[in-house]
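Colleague: Per full-length UniProt numbering, the sequence shown starts with residue 1, numbered consecutively.
Among these hints, one or two may not hold up.
Stated by the list, open to error - Capping the alpha-carbon separation at 25 Å, the derived lysine-lysine pairs in DSS-like fashion look like this:
(1) 264 to 231
(2) 126 to 108
(3) 47 to 126
What the hints assert, rightly or not - Label pairs and their calculated CB-CB ranges:
(4) 21 to 98: 26 to 34 Å
(5) 330 to 250: 32 to 40 Å
(6) 220 to 330: 58 to 66 Å
(7) 223 to 264: 21 to 29 Å
No lab work stands behind these hints: they were computed from the structure. A virtual CB, placed ideally from N, CA and C, is assigned to each residue, including glycine.
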Amino acid sequence: MSALRVLIVEDSVMVRRRLADAFAEDPSFTVVGEAGDGARALELCQKLRPDVVTMDLMLPGMNGVEVTRRIMTHCPTPIVVFSGMENRTMGLYLLDALTAGAVDAVEKPTRFVSSEWAGELLSRVKQAARSPSAQVPEHLKPEPVWPMFPPRLVVVGASTGGPAAVRTILQQISPDFPLPILLVMHLSEKFEASMVDWLGKNSAIPVRHAVDGEILPTAGRPQLVMARANKHLVLRDSRLWLTSDAERHSSRPSVDVLFESVAKEVGSRAIACLLTGMGRDGAEGLHALRRAGAMTLAQDESSSVVFGMPLEAIRLGAARHVLPLHDIPAWLDTFSRRRPVGENA
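Input sequences plus hints: build the corresponding full structure.
Modeller: Structure, rendered in structure tokens:
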């Protein structure tokens with residue numbers, strides 16, 4: 001029987017080396033390639049056609065869940081994923097990978113890779129390689145994520161590179177876009193008025209600042225409502241509130257503050273998009289929205305001016321979808337018009 005051809009995907013050089021050594025000690029395996037990020041993993045999987053892939057979920061750039069989906073779409077291969085289990089979030093992340101098509105999931109030690117753990121992983125890899133031919137899960141063609149109720153609003157967060165990204169989206173969405181859009185960008189007070197004017201000139205829908213205490217605009221009245229500088233924007237009791245609460249991630253307004261309030265208020269009836277920006281503001285909020293059942297997206301690395309905020313969200317498993325900027329307007333339009341399961345169009 002020929003040795004099983006293995007592709008190792010792990011961003012830590014030390015862990016990758018330890019795994020390669022463990023596979024080398026077992027004659028039933030041969031390591032055909034190593035990748036330190038998701039994009040390289042997908043490239044090597046398509047090129048080398050390994051018998052099995054072993055992959056850490058926490059990868060730079062494209063996260064392990066998204067890599068799993070793409071492998072299962074473009075070159076179906078048995079995949080064994082592993083990750084630390086520091087909290088419940090990581091457990092949910094591993095489950096997402098299994099839903100995306102991975103054959104097995106293994107808990108990864110938080111401190112060091114022991115020989116015992118490496119042996120357990122090798123055993124799981126052998127079992128995975130014996131599994132039936134990998135198939136593209138039906139839910140990937142396309143993913144059948146349908147809202148329980150019609151969506152109520154869109155929330156967007158951005159920082160560095162955000163103005164141009166938001167303008168691109170506003171230029172491409174249609175005048176009959178069905179939902180209100182709430183936006184948080186990190187801007188100075190001197191810049192906010194000109195930003196509203198600039199965005200409005202490039203938009204098919206009205207652009208304005210939020211007014212403290214106003215009722216959330218209803219579906220069917222498309223408009224972009226932007227947070228004020230130095231004020232958090234919060235949705236509570238179907239109204240928009242501007243608060244002077246403490247900064248989050250050295251920012252006020254904070255994307256996390258808006259996203260978390262929307263997760264509590266409307267949950268699965270939200271559509272959320274985290275765009276280019278420095279730091280991690282918005283990542284936890286996007287994750288709260290995803291856990292609440294919302295449709296979530298992060299801008300991809302290739303189209304981001306700074307791939308900070310989206311990357312942190314991807315690492316948390318907060319983004320159901322990761323797309324380049326030019327695809328985001330169509331994505332927003334598609335999901336904003338989706339009807340609940342069982343409801344006639």
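Colleague: Is residue 126 within 25 Å of residue 108, Cα to Cα?
Modeller: holds (18 Å)
Colleague: Taken at face value, is the distance from the CA of residue 126 to the CA of residue 47 at most 25 Å?
Modeller: At roughly 22 Å apart (the allowed maximum being 25 Å), residue 126 and residue 47 satisfy the hint.
Colleague: Check whether the Cα positions of residue 264 and residue 231 lie no farther apart than 25 Å.
Modeller: Given pair residue 264, residue 231 holds - Cα atoms ~19 Å apart, limit 25 Å.
Colleague: Does the Cβ distance between residue 220 and residue 330 fall inside 58 to 66 Å?
Modeller: With a Cβ separation near 20 Å, residue 220 and residue 330 fall outside 58 to 66 Å, so the hint is violated.
Colleague: Just tell me: holds or violated, for the beta carbon distance of residue 330 and residue 250 against 32 to 40 Å?
Modeller: Holds, at about 34 Å.
Colleague: Is the hinted range of 21 to 29 Å satisfied by the C-beta distance from residue 223 to residue 264?
Modeller: The hinted range 21 to 29 Å holds for residue 223 and residue 264, with Cβ atoms some 23 Å apart.
Colleague: Could you see if the CB distance from residue 21 to residue 98 stays within 26 to 34 Å?
Modeller: Once the Cβ atoms are compared, 27 Å apart, the range 26 to 34 Å for residue 98 and residue 21 holds.
In summary, the one numbered hint that this structure violates is 6.
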